[in-house]
Structures are given as C-alpha cells and as structure tokens.
Amino acid sequence: MEGKGAALQRMMSLKQEVNNLKKQLFALHQQKEASFRKKEDLKKQCRSHINEFRTLRNSIFSSSKEKEELRKHRDTLNTEFRNLITKAKEKHKERLKLLKKNDTHINPSSLKEKIERLDTKIETEALKFEDEKKIMKAIKELKKKLEEAESMKVILQEGAILSEVIDATKERADTFHNQLTEKRGVDKDKYHKLRELSKKVKAVKKEQERAFQEFIALKKEYTEKTEELQGKLKELTPLLQRQVSSRERYKQQKVEHESRIIAEKERAVEEKLRSKKKLTTEDLLVFQRR
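So that you can map any letter, position 241 of the sequence shown is 241 in our numbering, and since no number is skipped, the others follow by simple counting.
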C-alpha cells in the first residue's frame, strides 16, 4: 500500500509539473513569437532606412555631376568675363588717347561738309598755286581729324557693345553660380539627412541584434522546457496506465463480487422455494431479476 501511495503521490506531482510546464511553454511561445515579430519589423525598418539611404546617396552622386557641370560653365564664363574686362580697359585707354588728341565735340558730318566744300573750291575756282596748296593742306588735316573722329565713334560703339556683352556674360555666370550655390545648400541638407539615416540604420541594427538574441534565448528555453515536458510525460504515462489498469481491475472485481452475492441470493431463494418457506420482499426482487 505504501508503494501505491507513493506512486499516486508521484503521479499527482507529475501532473502538476506537467500543467505548470504547459503554462510556461504557452507563455514562452507567446514571448518567442512577439520577439520574432519584433525582429522582423526591425528588419523591415532597417531595410527601409537602407533603401532611403541608397536613394539619397545616388541623388547626391547625380547632383555632384550636375554641380561639376555648373562649376565648369561658371568658371568658363568668369574667365570670359575677366578677358572682356581686360579688353574693355584696353578700349578705354584707346579712347582716352584719342580724347587727348582731339576735340570731343567735333562732329564727323561737319568735317565731311568742310572737306567737300574745299574739294569743290579747288575744282571750280582758279586758285593760285599757293592758295591751292594751303587748301590741300587744310583738307588733309580735316581728313585726319575725320578719321580720328570716326575711330572715336567706332571705339565708342565697340565699348557699348562690349559693355552689353560683359553684362550678359556676368549675368550668365551669376546664374550658374546661384544654381550651384542652391544645389550646394540642398546637398548640404541631404548630407545631414544621410548622416541621420546612417545613425538610424546603426541604431536599428543594434536593436535588431538584441531582438534576435532575445528570440534565440527564448527559443532555446522553449526547446529545453519542451524536452523537460516530454521527460515528465514519459514518466507520467506508465503511472497513468497503471492507474487505469488498477481502476479496471477494481471494477472487474466489484462486478464479480456482486455477481457472487446475487448467485448466493438466488440459491437461497431456490432453497426456500423447494422447502416451501415464505419469501421476503428482497427474495421476490431477486426472483424477478432472474
């Protein structure tokens, strides 16, 4: 009896341990799945940050090429601008040189009229040699002044055109410079965002690694608990089977015992009938069950 009591006590203890292990396994399974989902969510988040990082980096690379082209255009125009300024200074020196030699108020049209009048005078009048010589000298001087006046006019026209070209060149150079400056500002913001994304990727990767290690630890504990449960069930199963067998034997013995009692009562009723003794109510019930 002591052996049966110990076995029963052990069986009850194992049942409790099995129930506790099942509860622990259920809780571990929930934690393990939550940890796995967290790891996968972090994995997706990390991939999203990396894709955004690559897109932004490619945008910066593309912008770098655009900035290089803008810089080349700007520098070319600035070089052209400086050359034009040098040319304008040379033209200005020529103009000053001519201004020193000539009256700035001389009208080329007036000079032409004077030359024509003198030419006409030589052709139409009978002049003395000395007078003609003086007029020819005057015409020569007037033509020289006319040439210088026209040169001044050309220089002034060229200066005006050159000034327009300088302004247009400077404006184009400034346009490229402003575009370059704007792109540098945009890229500066992009570089800042790129650094922030890099930090985010590193932080998420660290968190992802922690979640993965947590998942591995929970999976290991779940496996260990499962093995422990299997061990407990392996020990509990024979005890349960023996308990079932014991119950079946008890039921069989009870049925056999009741059958013997009924058989004895039936024999007693038959004996009373043979000896014509009075039957009791219980005897009648036994007789009816036959």
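Hints are computed from structural coordinates only; laboratory data are not their basis.
All C-beta atoms, glycine included, are put in the ideal place defined by N, C-alpha and C.
Some hints could be false.
Under the rule of at most 25 Å between Cα atoms (straight-line distance), these lysine to any residue pairs were calculated in the SDA-like manner [said to hold, decoys possible]: (1) K183 - N58; (2) K225 - R57; (3) K145 - K193; (4) K22 - L239; (5) K87 - E148; (6) K206 - K67; (7) K112 - K67; (8) K43 - H192; (9) K232 - S13; (10) K206 - E113; (11) K133 - D119; (12) K67 - K170; (13) K140 - S109; (14) K193 - S13; (15) K137 - L156; (16) K15 - A27.
Label pairs and their calculated CB-CB ranges [said to hold, decoys possible]: (17) E33 - S59: 45 to 55 Å; (18) P238 - E40: 40 to 50 Å; (19) I161 - N51: 53 to 63 Å.
So, going through the hints one by one against the coordinates:
no. : hint                   : in the structure
1   : K183 - N58             : holds (15 Å)
2   : K225 - R57             : violated (48 Å)
3   : K145 - K193            : violated (71 Å)
4   : K22 - L239             : holds (19 Å)
5   : K87 - E148             : holds (20 Å)
6   : K206 - K67             : violated (36 Å)
7   : K112 - K67             : violated (57 Å)
8   : K43 - H192             : holds (24 Å)
9   : K232 - S13             : holds (10 Å)
10  : K206 - E113            : violated (96 Å)
11  : K133 - D119            : holds (12 Å)
12  : K67 - K170             : holds (19 Å)
13  : K140 - S109            : holds (16 Å)
14  : K193 - S13             : violated (62 Å)
15  : K137 - L156            : violated (29 Å)
16  : K15 - A27              : holds (18 Å)
17  : E33 - S59: 45 to 55 Å  : violated (39 Å)
18  : P238 - E40: 40 to 50 Å : holds (43 Å)
19  : I161 - N51: 53 to 63 Å : holds (55 Å)
Checked against the numbered hints above, the structure violates hints 2, 3, 6, 7, 10, 14, 15 and 17; every other hint is satisfied.
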